[in-house]
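*Asks:* Position chain D relative to chain C; hints supplied.
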Amino acid sequence: MSFHPNDVARRARVASWGLFGAFMVLLGAFFWTQVLQNAKYALQSETNRLREVPLPAPRGTIYDRDGRVLAENVPGYSVSMLSPTVDSLRAVLRRLSATVPLGPDQMEAAVRRYHRAPNRPTVILTDAPFDVVSVLEEHRIQFPGLIIQSAPKRHYPDGPAVAALVGYTGEITEAELNSKAFQDSGYKAGQQVGKGGLEKEYESRLRGREGMRFVEVDARGRVVRDAGARRDSLPEAAPPLYTNIDLDLQRYTASLFGDSLQGGAIAIEPTTGAVLALYSAPSFDPNRFIGGIPADYWRELNSDPRRPLYNKVIQAHYPPGSTWKLATATWALQNHIATLDEHMPEPCTGGFQFGNRYYHCWDPHGHGSLTLSQAIEKSCDVYFYQLGLKVGLSRLIAGGVALSFRDRTGIDLPNESFGYFPASLDYYNRLYGPRGYSTSVVLNLAIGQGENAQTVAGMARFYTALATDGQEAQPTIVRKSQPQRRRIFQLDSAQFAGLRVALTGVVAAGGTAAASQIQGIVLAGKTGSAQNTQDPLHTHAWFVGFAPAANPTIVVAVLLEFGGHGGHAARLASRMIEHYLKVAPASAVQTEG
Amino acid sequence: MERRAILDYPTVALALILSVFGILMVYSAGVTDAPTVAMHLWRSQIAWLGMGLMAAFVVSRASVRLLEWAAWPAYLIVLAILAVLPIFGSGAGTAASSSAWFTIHGHRLGQPSELAKIAVVLMLARTLAAMKTAPRSLLELWKPALVVGVPWVFVFLQPDLGSSIVFIGIFFAMLFWFGVPWQLLLLIASPGVSLLLAFSTAYWTAWFLILIVLVWSYKPYLWEGVAVVLANVFMGIAAPLLWDHLKPYQRNRLLVFLDPSSDPRASGYHVIQSQVAIGSGGWLGKGFTLGTQKRLAFLPAQHTDFIFAVVGEELGFIGVALALTLFLALFLRCVRIATRANDTFSSLVAFGLTASWFVHVGENVGMTVNLMPIAGIPLPFFSYGGSFMLSSWLAIGILVRISSEGRGRADSLAI
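First to last, the protein sequences are chains C and D.
Convert by adding 5 to the 1-based position in the first sequence; the result is the number in our numbering.
Convert by adding 400 to the 1-based position in the second sequence; the result is the number in our numbering.
Excised from the complex, chain C in its bound form (with noise of 0.2 Å):
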């Protein structure tokens, strides 16, 4: 009888406790997933269904020594879209592509960004004009996952004039954010980066931080709800940039080149180094670079064969010429080959013969017999020829590694060049062949040409030594408390004075550079005129002096491509002095007079 009473009996005990028995495991696997992995799944659901909206923080405004902006943030429009799969992106991208202009380009491009950071909104538009962002507000019920923010947009008030300095910013690239540097920073798809000059050179201290704003959506990316999820974290906006750049000269530098002209002016302060003015023409608009470069500005930039792109005054070489024969002069006077009085054996008859070459000076009436501070004054290629035989090639190579012409000047700009300059006779063992050259390339040497090729902010920093008492300063164009100088060679009050004299005589009557005299000021400097590989009848202009000659409170190097003799870059360069030392020009006293 299975049905007996005691088995009923014992066969509901089993069931009982099989019962209680499968109770039992299942509050045991809702304890392990409710109690002990709670943490882990609690997270899982936040980011299931918060999303981080990123709050792009504005970047560091930059000022000019007075205060006024160089570059600043104004208000702009980004849009961008919340997407669960690419293939709802594609759609949605479709759809909006009807409703707003979007290219295919911008679609791929968002495309990619979605591929980077898919839980990021995927930016669509960096930089939505008005009338794009109040029609996607009408028909913002369409597009459910559609974000549209302020972002702070870059803005250079004074666009070209400043460019060469403050350089633009753009999207970060997937170049940029593969590399480590980016990468341990905590960059992401989307952000906008410092892409030259001293945006990108202070990109860590310009670019804030990024908030977050935390917006809930539905399972399929829908944004439910736009605030109060979470806690927004807020931007932080960087501290403002102070530099040393005196925003009046840098409008008036650009003016002076204007359209017409092109090559790159550097403004120092002598004794710290402060960059007043650096401006590279062509110069381009940095404006129309945020928010992505229309396609043919950037072509047009490309093409442009005075490379307008290009930073003339710290990446371009070119040989210095005759702003070099001071190199010459200073190594000579420091190792006593020469004093300033100090006549050559041969005067200047319009050249020189050497062995079996004859070396032209660049005057062909000849300057005759002239002392040291004199040859300066005419820039006698006949004198410096001599001189730097007398001096020695090895020396003179020597010389100019000491006097720092193989450096960079250490300009807080990126991509600046290294000097080019032989370091040693090797250079020439290795160029020629031991013994494959003759001692004539010292005469190239010593009048700046040959194996010798500068930045104008390299010829500007040497010229900041001979202002101030032989110590050259790093230009900073953002204002740093201790000037960077190093001594780079030692004369004597005396010597330094009769180099002074000699300089300024090139700028007065009878000098190289006698029409860039100005009304009241004694103006020191040196001519150049660089050969020039692409159009030998059109040579570099070039002039770096400093005023006032006495007490020179600013260097100024110009260099003028295809610019001709000396003068024409001298005449520039006066008045960007003039101009800072806020003197009336000498023509307008003349006239008045």
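Keep in mind the hints are simulated off the structure, nothing from the lab.
Where a beta carbon is used, it is the ideal one built from N, C-alpha and C, also for glycine.
Wrong hints could be hidden among the right ones.
What the hints assert, rightly or not - Listed below are several chain C residues computed to face chain D (Cβ distance under 7 Å; list not exhaustive):
| id | residue |
| --- | --- |
| 1 | Asp12 |
| 2 | Ser21 |
| 3 | Ala27 |
| 4 | Leu31 |
| 5 | Phe35 |
| 6 | Gln39 |
| 7 | Val40 |
| 8 | Gln42 |
| 9 | Gln49 |
| 10 | Thr52 |
| 11 | Arg54 |
| 12 | Met217 |
| 13 | Asp223 |
| 14 | Val228 |
| 15 | Val229 |
| 16 | Asn449 |
*Replies:* For chain D alone, kept in the frame of chain C given last:
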């Protein structure tokens, strides 16, 4: 002598508490940020509860003898409906490709497999009760096997995997309650176990050795023993072939059960989201109607198959423990009713109905925490669904009747 029916208050009370609890959860399931179909379903669920209560009342007025008499016609009608379901049936919701709904002119009238469960319990109880002794050999089991097997095949072909599992559960539970030796039950189940273990040669070999010992000790008829062993060998070989014959979604369900993260976007999505919902509930939950997983539509089928995940997310471990304790109390009460039933038929019916619920609860609740593979199977009194609410309360009515006819003392049972 006329005897006044005594209402089994604990059973009714437990079922009522569970139903109210369930309707509250259906209400909560409808509270989502983007409106879903579930928004107003709690109202119709209340209506279904009302109909269920009425059905329970009517059934509780009917004598168990009447039920015994009605077992045959009910069983035949259910079989007929199941047989025509491939023609009139239609799918719904997540199981759109099946034909589990009885549909006429596009009106879905109900899911016959819910009523079929009760009819099968009645019919199997009647068949077993007609036997003098509990079967001791496979051959003696042909009748009960046929009673369950025929509707099982229909349900399995719908295909309604969940209900077919419930039929198997009912079958084994009632045979156990009738006193069929556990060894024999194990022999019947052995080919199925072989099928599951066939994926690992080591496990299968171990199982096969146990089976040999079992056959040797239980000493069934020679040909039965040989048949069981051969069936196991066959299953061991057939399993990989059978695997290839499974539909991709069925295969995925099993694979996802083993590792939900293997396919997080598609098949594993339900389990992962359900686990996240339950796991994020913690001790006390996020609060009634405040579950974020549910509100934001991450939780699939939140008002039907995965309603228990809403319990877990919003009421936490405390709520889960409360719900499970209520179920346990109801089941223990039902086992008590089965124990004190007046006759074999009543006792078997009571135990069969309990077993049916138990399989539902175990599978449904288990799958929400990945303890069980996903099978579309509702949670009694909780999941939204009219047929199931109605049939569950029908079963309560039957149990109440059996309880009132029972003598209340275990030793008064007689065969």
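*Asks:* Next, verify each hint and record whether it holds.
*Replies:* Here is what the structure says about each hint:
no.: 1; hint: Asp12; in the structure: holds (6 Å)
no.: 2; hint: Ser21; in the structure: holds (6 Å)
no.: 3; hint: Ala27; in the structure: holds (6 Å)
no.: 4; hint: Leu31; in the structure: holds (6 Å)
no.: 5; hint: Phe35; in the structure: holds (5 Å)
no.: 6; hint: Gln39; in the structure: holds (4 Å)
no.: 7; hint: Val40; in the structure: holds (6 Å)
no.: 8; hint: Gln42; in the structure: holds (5 Å)
no.: 9; hint: Gln49; in the structure: holds (5 Å)
no.: 10; hint: Thr52; in the structure: violated (9 Å)
no.: 11; hint: Arg54; in the structure: holds (5 Å)
no.: 12; hint: Met217; in the structure: violated (19 Å)
no.: 13; hint: Asp223; in the structure: holds (4 Å)
no.: 14; hint: Val228; in the structure: violated (10 Å)
no.: 15; hint: Val229; in the structure: holds (5 Å)
no.: 16; hint: Asn449; in the structure: violated (72 Å)
Checked against the numbered hints above, the structure violates hints 10, 12, 14 and 16; every other hint is satisfied.
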